[in-house]
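Next come the chains, spelled out residue by residue.
2 protein chains.
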Amino acid sequence: MEFMTGIREKETVGLTALTSADMEGKTVKTEGTVHTIRDMGEVAFVILRSREGLLQCVYEEGKSGFALKKLKEAACVEAEGTVRREERAPHGVELRLTGLKVLSEPAAPLPLAISKWKLNTSLEAKLNMRSVSLRNIRERAKFRIQEGIVRGFRDFLYSQGFTEIHTPKIGAKGAEGGSNLFRLDYFHHPAVLAQSPQFYKQMMVGVFDRVFETGPVFRAEKHNTKRHLNEYTSLDFEMGYIDSFEDIMAMETGFLQYMLALLEKEYAPELKILDITLPKADKIPAVRFDEAKRLASEKYGHKIRNPYDLEPEEEVLIGRCFQEEYGSDFVFVTHYPSKKRPFYAMDDPADPKFTLSFDLLYKGLEITTGGQRIHDYQMLLDKIAARGMTEEGMEQYLDTFKYGMPPHGGLGIGLERLTMKLVGEDNVRETTLFPRDLSRLEP
Amino acid sequence: MEFMTGIREKETVGLTALTSADMEGKTVKTEGTVHTIRDMGEVAFVILRSREGLLQCVYEEGKSGFALKKLKEAACVEAEGTVRREERAPHGVELRLTGLKVLSEPAAPLPLAISKWKLNTSLEAKLNMRSVSLRNIRERAKFRIQEGIVRGFRDFLYSQGFTEIHTPKIGAKGAEGGSNLFRLDYFHHPAVLAQSPQFYKQMMVGVFDRVFETGPVFRAEKHNTKRHLNEYTSLDFEMGYIDSFEDIMAMETGFLQYMLALLEKEYAPELKILDITLPKADKIPAVRFDEAKRLASEKYGHKIRNPYDLEPEEEVLIGRCFQEEYGSDFVFVTHYPSKKRPFYAMDDPADPKFTLSFDLLYKGLEITTGGQRIHDYQMLLDKIAARGMTEEGMEQYLDTFKYGMPPHGGLGIGLERLTMKLVGEDNVRETTLFPRDLSRLEP
Numbered sequence: 001m002e003f004m005t006g007i008r009e010k011e012t013v014g015l016t017a018l019t020s021a022d023m024e025g026k027t028v029k030t031e032g033t034v035h036t037i038r039d040m041g042e043v044a045f046v047i048l049r050s051r052e053g054l055l056q057c058v059y060e061e062g063k064s065g066f067a068l069k070k071l072k073e074a075a076c077v078e079a080e081g082t083v084r085r086e087e088r089a090p091h092g093v094e095l096r097l098t099g100l101k102v103l104s105e106p107a108a109p110l111p112l113a114i115s116k117w118k119l120n121t122s123l124e125a126k127l128n129m130r131s132v133s134l135r136n137i138r139e140r141a142k143f144r145i146q147e148g149i150v151r152g153f154r155d156f157l158y159s160q161g162f163t164e165i166h167t168p169k170i171g172a173k174g175a176e177g178g179s180n181l182f183r184l185d186y187f188h189h190p191a192v193l194a195q196s197p198q199f200y201k202q203m204m205v206g207v208f209d210r211v212f213e214t215g216p217v218f219r220a221e222k223h224n225t226k227r228h229l230n231e232y233t234s235l236d237f238e239m240g241y242i243d244s245f246e247d248i249m250a251m252e253t254g255f256l257q258y259m260l261a262l263l264e265k266e267y268a269p270e271l272k273i274l275d276i277t278l279p280k281a282d283k284i285p286a287v288r289f290d291e292a293k294r295l296a297s298e299k300y301g302h303k304i305r306n307p308y309d310l311e312p313e314e315e316v317l318i319g320r321c322f323q324e325e326y327g328s329d330f331v332f333v334t335h336y337p338s339k340k341r342p343f344y345a346m347d348d349p350a351d352p353k354f355t356l357s358f359d360l361l362y363k364g365l366e367i368t369t370g371g372q373r374i375h376d377y378q379m380l381l382d383k384i385a386a387r388g389m390t391e392e393g394m395e396q397y398l399d400t401f402k403y404g405m406p407p408h409g410g411l412g413i414g415l416e417r418l419t420m421k422l423v424g425e426d427n428v429r430e431t432t433l434f435p436r437d438l439s440r441l442e443p
Numbered sequence: 001m002e003f004m005t006g007i008r009e010k011e012t013v014g015l016t017a018l019t020s021a022d023m024e025g026k027t028v029k030t031e032g033t034v035h036t037i038r039d040m041g042e043v044a045f046v047i048l049r050s051r052e053g054l055l056q057c058v059y060e061e062g063k064s065g066f067a068l069k070k071l072k073e074a075a076c077v078e079a080e081g082t083v084r085r086e087e088r089a090p091h092g093v094e095l096r097l098t099g100l101k102v103l104s105e106p107a108a109p110l111p112l113a114i115s116k117w118k119l120n121t122s123l124e125a126k127l128n129m130r131s132v133s134l135r136n137i138r139e140r141a142k143f144r145i146q147e148g149i150v151r152g153f154r155d156f157l158y159s160q161g162f163t164e165i166h167t168p169k170i171g172a173k174g175a176e177g178g179s180n181l182f183r184l185d186y187f188h189h190p191a192v193l194a195q196s197p198q199f200y201k202q203m204m205v206g207v208f209d210r211v212f213e214t215g216p217v218f219r220a221e222k223h224n225t226k227r228h229l230n231e232y233t234s235l236d237f238e239m240g241y242i243d244s245f246e247d248i249m250a251m252e253t254g255f256l257q258y259m260l261a262l263l264e265k266e267y268a269p270e271l272k273i274l275d276i277t278l279p280k281a282d283k284i285p286a287v288r289f290d291e292a293k294r295l296a297s298e299k300y301g302h303k304i305r306n307p308y309d310l311e312p313e314e315e316v317l318i319g320r321c322f323q324e325e326y327g328s329d330f331v332f333v334t335h336y337p338s339k340k341r342p343f344y345a346m347d348d349p350a351d352p353k354f355t356l357s358f359d360l361l362y363k364g365l366e367i368t369t370g371g372q373r374i375h376d377y378q379m380l381l382d383k384i385a386a387r388g389m390t391e392e393g394m395e396q397y398l399d400t401f402k403y404g405m406p407p408h409g410g411l412g413i414g415l416e417r418l419t420m421k422l423v424g425e426d427n428v429r430e431t432t433l434f435p436r437d438l439s440r441l442e443p
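In order, the protein sequences belong to chains Y and G. Residue 1 is where the first sequence starts when you use the working numbering, and the numbers rise one by one after that. Residue 1 is where the second sequence starts when you use the working numbering, and the numbers rise one by one after that.
Do not rely on the hints blindly, as some may be mistaken.
[Stated by the list, open to error] 25 Å max Cα-Cα, derived DSS-like pairs, lysine-lysine:
{"no.": "1", "chain 1": "Y", "residue 1": "363", "chain 2": "Y", "residue 2": "226"}
{"no.": "2", "chain 1": "G", "residue 1": "126", "chain 2": "Y", "residue 2": "173"}
{"no.": "3", "chain 1": "G", "residue 1": "283", "chain 2": "Y", "residue 2": "10"}
[Claimed, not checked] If you want the footprint, here are the derived chain Y segments under chain G, 3+ residues with CB under 8 Å:
{"no.": "4", "stretch": "2-10"}
{"no.": "5", "stretch": "44-55"}
{"no.": "6", "stretch": "124-138"}
{"no.": "7", "stretch": "243-252"}
{"no.": "8", "stretch": "373-380"}
{"no.": "9", "stretch": "404-416"}
The set of hints was computed from the structure by calculation and includes no laboratory data. Ideal Cβ placement from N, Cα and C applies to all residues, glycine included.
Let the sequences and hints guide you as you build the complete structure.
The structure is reproduced here in structure tokens:
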């Protein structure tokens with residue numbers, strides 16, 4: 001009988017291990033994909049790409065044990081060679097090749113010059129050939145940063161006593177109303193895709209006090225802009241026993257601080273590749289909605305067209321204003337008008353035309369919507385009635401409040417938008433592995 | 001200007017902090033939900049539930065500063081009192097109440113006796129009143145264990161150089177073929193929900209070498225059994241540069257070992273609540289498919305009806321056999337017949353009727369399917385042709401291989417099934433927050 005006893009030690013050595021001082025002069029094997037070949041005649045540089053980065057391998061005619069001309073770019077290989085310090089090579093190390101085994105070969109030359117530092121091609125082409133374009137070092141680095149953001153979100157919230165939940169994406173009714181829902185047939189019953197885990201995370205606050213979820217949400221919005229996707233990853237949390245809706249903003253600030261520190265510590269190579277200077281989140285200004293609108297209008301002469309909503313241009317101006325005045329890339333805009341927030345938003349007792357809610361703007365773009373929710377059953381029923389809505393299909397959501405719920409609130413963060421602003425892109429598709437928009441359903 | 005500077009210190013103290021030795025005799029505030037009230041006349045026990053567990057609070061007529069009869073079960077409160085050691089109380093501590101503030105009140109009495117140790121109600125009732133039934137201590141503990149499983153999966157894979165990815169759930173074509181797909185209209189284009197991230201994770205192996213995803217998958221299977229869901233959470237990974245498909249089983253064994261250690265370390269209270277003895281995963285037997293079938297047949301007299309598939313009863317017998325013979329709750333069954341595996345499965349060069357693939361059985365239930373995939377472009381095209389399939393709609397998946405891919409493989413783990421077996425339940429709905437099955441679309 002054969003037994004599995006745990007991960008197997010590999011015979012090959014990874015890039016990070018290769019760069020350690022005691023490897024000098026040793027003969028080792030390493031794996032990777034031929035990223036590019038620079039043939040200089042007697043000598044050639046074969047650059048291997050692996051998950052840890054690029055490794056310069058030196059081919060010498062007659063010494064390396066194989067014929068260079070048979071080696072193709074994009075071949076996956078196991079290379080054998082001697083480790084040498086070389087300050088001019090990436091990571092200060094190179095491998096003098098003594099042998100090479102081809103593990104697999106491409107069937108055609110690459111359609112994109114992925115070994116260029118910057119991929120010189122259109123966004124459209126990059127998205128059409130996603131599994132190739134992301135092999136570019138800079139392209140893939142963006143998604144390592146994205147990993148760090150999600151990882152930071154979860155690890156921070158675990159440390160704050162939150163429980164992770166998994167809520168269904170197929171349901172009978174949407175959380176925010178009917179217009180932007182994808183509809184499907186569920187065994188002959190009408191169903192919709194979740195546009196947010198809102199109802200479920202609230203329902204779970206009564207169970208776990210604090211919950212979070214990181215998962216896909218679906219919005220059938222007919223927007224074709226640089227900041228909209230029809231499917232995106234939402235980082236959601238919801239917390240009970242809050243004293244004020246500011247507890248939620250404080251928790252988000254804590255997340256941002258933790259996440260930025262994690263990126264600095266664990267994702268330094270990718271920050272360097274992308275030449276990113278991380279923003280500061282030690283002190284994030286918070287300004288009321290009406291005050292923010294007034295500031296943008298007074299400081300930049302922007303005409304207020306709609307007093308109940310922020311236009312994208314106003315968000316840009318507010319972001320600019322707080323960068324100029326307080327040196328902050330982030331700004332919380334609080335107390336959004338009640339009529340622009342969903343029924344479950346808690347109105348401000350001091351002035352019910354406004355809500356105890358907020359958006360977080362990052363470099364002039366909304367990346368978070370959050371706020372306190374109504375926790376009182378009767379207040380919720382009254383607000384539904386006042387809006388002329390029906391309780392139908394919300395019975396189990398409403399029952400949660402009938403049987404008691406603590407004061408609570410939460411937020412949702414758009415992962416791709418946050419990544420976009422962090423890595424300095426201006427189209428959210430650049431920071432989505434496989435974007436879904438009005439005209440794109442593939443790959 | 002107001003600024004957010006990070007998480008706020010709360011005035012209230014949580015349960016874990018309350019149990020520390022230096023709290024004895026101190027007067028503190030704590031928050032929670034009234035789980036149950038046991039009125040003994042002059043004295044009453046008010047049990048508060050919070051995310052950290054149950055706290056016994058002692059009400060004394062005339063001393064506690066409020067009227068007990070006004071306090072309702074399921075009210076959310078801030079309690080003030082003096083901390084006292086009390087060996088008979090949960091966690092060895094109780095709070096002698098000196099004051100109580102009601103934060104919110106229920107509008108109706110609870111429909112389930114959630115304060116009972118075991119919730120004495122049908123699965124159907126539990127699912128219909130999910131936000132109430134999960135307030136039971138044992139019910140919610142299962143989902144804390146589930147969190148530990150997912151957390152262990154991610155943390156282990158991060159440590160092994162995997163990158164987390166987020167792939168779309170709406171697509172133009174499914175990974176495994178057409179029969180079990182939910183269909184929807186995507187802006188007047190036919191679309192389907194992803195039944196697995198298979199194609200995407202393979203496409204990303206060429207980019208990151210090792211990737212994983214934890215997310216929902218959707219299967220329109222018309223099975224109504226205790227082990228099927230139509231939407232479930234899949235823990236997927238895919239790894240490049242494997243030497244053999246056994247590297248994948250070894251990686252899964254490593255995950256199980258890591259995850260079980262994490263549960264023991266971080267989820268001890270929940271293990272105790274559920275009275276769980278964790279299984280061992282230090283040495284997991286691996287047996288060939290045909291050999292496993294033969295064993296079940298010879299040892300237990302099970303008649304082999306279908307030589308190409310394992311019936312659920314056979315899985316149970318194989319699980320029983322390896323528990324009896326080797327004391328293992330887990331067993332890898334390898335080399336599944338090619339005709340029962342998808343086209344992208346790598347056939348065994350030694351006998352192409354079988355594949356380099358495996359299932360992992362846990363207590364007689366399949367919780368994982370995995371294996372080596374075809375990485376050679378021509379081999380993939382040939383297999384598609386041999387099966388009479390069309391390449392249509394798979395162009396971008398196939399192009400990935402055209403432009404080179406390392407030998408690779410991976411697996412998918414059903415989270416709810418793994419949780420079910422770990423906590424000793426026998427219906428997968430018991431370990432799903434909001435299950436979706438043939439007849440259930442709500443809540």
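field: Hints violated by the structure (listed by number, smallest first)
entry: Violated hints: none at all, because every hint is consistent with the structure.
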